[in-house]
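With the hints as extra help, turn the sequences into a complete structure.
As they're listed, the protein sequences go chains A and B. Under the working numbering, think of the first position of the first sequence as 1, with each following residue one higher. Under the working numbering, think of the first position of the second sequence as 219, with each following residue one higher.
No lab work stands behind these hints: they were computed from the structure. Nothing here was measured: the structure is a model prediction, and the numbers come from that model. The C-beta atom is built at its ideal place from N, Cα and C for all residues, glycine as well. Fair warning: there could be bad hints in the mix.
Result set (DSBU-like, lysine-lysine): computed pairs, CA atoms no more than 30 Å apart in a straight line [stated by the list, open to error]: (1) K46(A) to K264(B); (2) K190(A) to K329(B); (3) K111(A) to K408(B); (4) K425(B) to K267(B); (5) K190(A) to K408(B); (6) K425(B) to K49(A).
Residues on chain A that point at chain B, a partial pick, calculated with CB under 8 Å [stated by the list, open to error]: (7) A41; (8) R43; (9) E187; (10) F202.
Each chain is listed here by its residues.
Number of protein chains: 2
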Amino acid sequence: MSKGIPIATIARLPVYLHGLRLLTDRGVSVVSSEELANLTAVRSTKLRKDLSYLGSYGVRGVGYDVSYLTHQISRAMGLTQNWAVVLIGIGNLGQALAGYGGFSSRGFQIKALLDADPKKIGSIVGGQSVLHIDQLERVFSENANSIAVLAVPESAAQGICDRVVGAGVTSILNFAPMVLQVPSSVELRKVDLSIELQILAFYEQRKLANSSALLNSV
Amino acid sequence: MSKGIPIATIARLPVYLHGLRLLTDRGVSVVSSEELANLTAVRSTKLRKDLSYLGSYGVRGVGYDVSYLTHQISRAMGLTQNWAVVLIGIGNLGQALAGYGGFSSRGFQIKALLDADPKKIGSIVGGQSVLHIDQLERVFSENANSIAVLAVPESAAQGICDRVVGAGVTSILNFAPMVLQVPSSVELRKVDLSIELQILAFYEQRKLANSSALLNSV
DNA sequence: TGACCCTTGTGAAGGCAGGAACAAAGTGGA
DNA sequence: TCCACTTTGTTCCTGCCTTCACAAGGGTCA
Numbered sequence: 001m002s003k004g005i006p007i008a009t010i011a012r013l014p015v016y017l018h019g020l021r022l023l024t025d026r027g028v029s030v031v032s033s034e035e036l037a038n039l040t041a042v043r044s045t046k047l048r049k050d051l052s053y054l055g056s057y058g059v060r061g062v063g064y065d066v067s068y069l070t071h072q073i074s075r076a077m078g079l080t081q082n083w084a085v086v087l088i089g090i091g092n093l094g095q096a097l098a099g100y101g102g103f104s105s106r107g108f109q110i111k112a113l114l115d116a117d118p119k120k121i122g123s124i125v126g127g128q129s130v131l132h133i134d135q136l137e138r139v140f141s142e143n144a145n146s147i148a149v150l151a152v153p154e155s156a157a158q159g160i161c162d163r164v165v166g167a168g169v170t171s172i173l174n175f176a177p178m179v180l181q182v183p184s185s186v187e188l189r190k191v192d193l194s195i196e197l198q199i200l201a202f203y204e205q206r207k208l209a210n211s212s213a214l215l216n217s218v
Numbered sequence: 219m220s221k222g223i224p225i226a227t228i229a230r231l232p233v234y235l236h237g238l239r240l241l242t243d244r245g246v247s248v249v250s251s252e253e254l255a256n257l258t259a260v261r262s263t264k265l266r267k268d269l270s271y272l273g274s275y276g277v278r279g280v281g282y283d284v285s286y287l288t289h290q291i292s293r294a295m296g297l298t299q300n301w302a303v304v305l306i307g308i309g310n311l312g313q314a315l316a317g318y319g320g321f322s323s324r325g326f327q328i329k330a331l332l333d334a335d336p337k338k339i340g341s342i343v344g345g346q347s348v349l350h351i352d353q354l355e356r357v358f359s360e361n362a363n364s365i366a367v368l369a370v371p372e373s374a375a376q377g378i379c380d381r382v383v384g385a386g387v388t389s390i391l392n393f394a395p396m397v398l399q400v401p402s403s404v405e406l407r408k409v410d411l412s413i414e415l416q417i418l419a420f421y422e423q424r425k426l427a428n429s430s431a432l433l434n435s436v
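Here is the structure:
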């Protein structure tokens, strides 16, 4: 039952897919959970439990068939179909996202690029022409079930978000470093580029504090 | 005890800081957990619990002093000091990171930009001149305790990572969509730009599956 | 065919995070 | 000074995720 797959597992499946792709490139056709776990920096027991949510696709005493497992993970994640993505905000981050290999290789197809800056309209980014933000409603009506990706400045984010919701979009990914308000029927997720950096700083601070505490105690 | 702060809390503290900054801009000097929670899309009970890990900085019956709480959160996260960051890889993503306001506003100071592409050396990005990757060891020896941010292509990532570790860096943030191998003494964190998108796709797929199941059952 | 070996898949336990409910404490008014 | 009100800080409980340990199952070789 796909319904029972924990979110934590979903977040790791792409990492396994990446490891499997490496193995395919090397011509490896069968892999044990231990080997794949080493490649993806998780415990083998966690890997096996994750895979067990999808079904029993391994062979005891042998391991997993690389291509078969690749297919099963892709299917479970809904990546065998192509997902339409509309990218809004073509600044530096937007351009990076437009050219990001991790999207297309995982089944996400960017259907349109939108921006408000007249200087950018018509320019080619990642092989596509940038459209004016006025086209927003038309673009979403022509691409049903699209996911909206917001890479706009903080000041514009909530306004654009409201228009996207008004256009019937139910899945939004927000890169602006702020909290957006959406109806509960809309699935909103956020990527904050500096959160992980802050967690690192926190660890580093603790490390420094511990070493100075040691000095004091001598 | 800063040692007891859960990671989940650490990840939310920056969001609270952002909400507090909004309040400061509006001239608000005191805020209740309920109001701040609404601003940051969490439950007020979760907010209070998070803050209680830092200490007792509120006044019962009144709320929290905005500037005092701002200071205490910053201090707990180690953001009152400036953290030196060296950014490696000045492609689209690197340029986006170099200009990203969320870094400087949270106490991260980019000390150097490095790239291997001769065409980029000497160009000005985010107010700084791009240095050649050969300067890597020198840059880190001049900036002790720096955090390395990797925004390089997948094929170059492990090699650069090894050099960074060799230069004595103990905190690395990786934006390349791959798993890096580091000694256990090094703190490595990763940002995968497409993981959240995949989680959205998974929800969307489940939504579609459920609605078609409903149709079939009629 | 049977015994041994290897690896998967799963049940159970432990730990961490989230939510609810309540006790504690400070303010303001009478 | 006392009482009622407001909001914090904390305890308890529930649920999810991770880890451990082992049973189950398939392959291989004699």
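Q. Quick one, is the A41(A) hint okay against chain B at 8 Å, beta carbons?
A. At 5 Å from the nearest chain B Cβ, A41(A) passes the 8 Å test, so the hint holds.
Q. Taking 30 Å as the top limit, are the C-alpha atoms of K46(A) and K264(B) close enough?
A. Holds, because 29 Å separates the two Cα atoms, which is no more than 30 Å.
Q) When you check the alpha-carbon spacing of K190(A) and K408(B), does it fall within 30 Å? A) holds (15 Å)
Q) If you draw a straight line from the CA of K425(B) to the CA of K267(B), is it 30 Å or shorter? A) violated (33 Å)
Q) Against chain B, is R43(A) within 8 Å by beta-carbon distance? A) Hint on R43(A): violated, closest Cβ of chain B at ~14 Å, above 8 Å.
Q | Satisfaction of the E187(A) interface hint, Cβ to chain B closer than 8 Å | A | holds (5 Å)
Q) Is the straight-line distance between the alpha-carbon of K111(A) and that of K408(B) 30 Å or less? A) holds (27 Å)
Q: Verify the proposed pairing of K425(B) with K49(A), using a straight-line Cα cut of 30 Å.
A: The hint holds at about 25 Å.
Q: Sort out whether K329(B) lies within 30 Å of K190(A), counting only the CA atoms.
A: Distance ~28 Å between K190(A) and K329(B) Cα, so the pair holds.
Q: Against chain B, run the beta carbon of F202(A) and see if the smallest gap drops under 8 Å.
A: Cβ of F202(A) sits 5 Å from chain B, so the hint holds.
In summary, the structure is inconsistent with hints 4 and 8 from the numbered list given earlier, while agreeing with the others.
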